[in-house]
Amino acid sequence: MARSRPKKAITLRLDAALVDSYREFVRDYAGKPHFLTPGSFVTEAISIHLAEMRRRVESTSTASPGRDQNSARSKR
134 MARSRPKKAI TLRLDAALVD SYREFVRDYA GKPHFLTPGS FVTEAISIHL AEMRRRVEST
194 STASPGRDQN SARSKR
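To get the numbering used here, take the position in the sequence shown, counting from 1, and add 133.
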């Protein structure tokens with residue numbers, strides 16, 4: 134049997150409507166074929182969003198600095 138990764142708990146305050154929607158979704162897809170759990174849903178959602186945000190941040194940080202300076206000058 135494989136050992137599970139260490140886990141940590143976090144506490145978040147979210148909009149009540151979002152939490153209700155999340156709970157309903159997880160409840161509705163808890164059985165076959167998805168076997169969704171609250172933890173698996175949040176883990177996957179954070180992982181996907183974090184990867185997307187990293188791509189966005191890294192793509193803007195690699196933009197040509199000269200281009201940004203020129204566009205700022207033309208607005209003066």
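Since the hints were made in silico from the structure, they are not lab data.
Predicted model only: the values in this text are computed from it and were never measured.
Here a beta-carbon is modelled for each residue, glycine too, at the ideal position from N, C-alpha and C.
A few of these clues could be false.
Claimed, not checked - With beta-carbon atoms standing in for the labels, derived distance ranges:
no., residue 1, residue 2, range
1, T193, L169, 29 to 35 Å
2, P166, E191, 31 to 37 Å
3, G164, R136, 25 to 31 Å
4, F168, R188, 17 to 23 Å
5, A149, L169, 17 to 23 Å
6, T176, D148, 33 to 39 Å
7, T195, R138, 30 to 36 Å
8, E191, T170, 29 to 35 Å
9, S192, P166, 32 to 38 Å
10, R160, T193, 34 to 40 Å
11, T195, D148, 30 to 36 Å
12, K165, R189, 34 to 40 Å
13, F168, S194, 35 to 41 Å
- Task: Check each numbered hint against the structure and report the violated ones by number, ascending.
- Result: 4, 6
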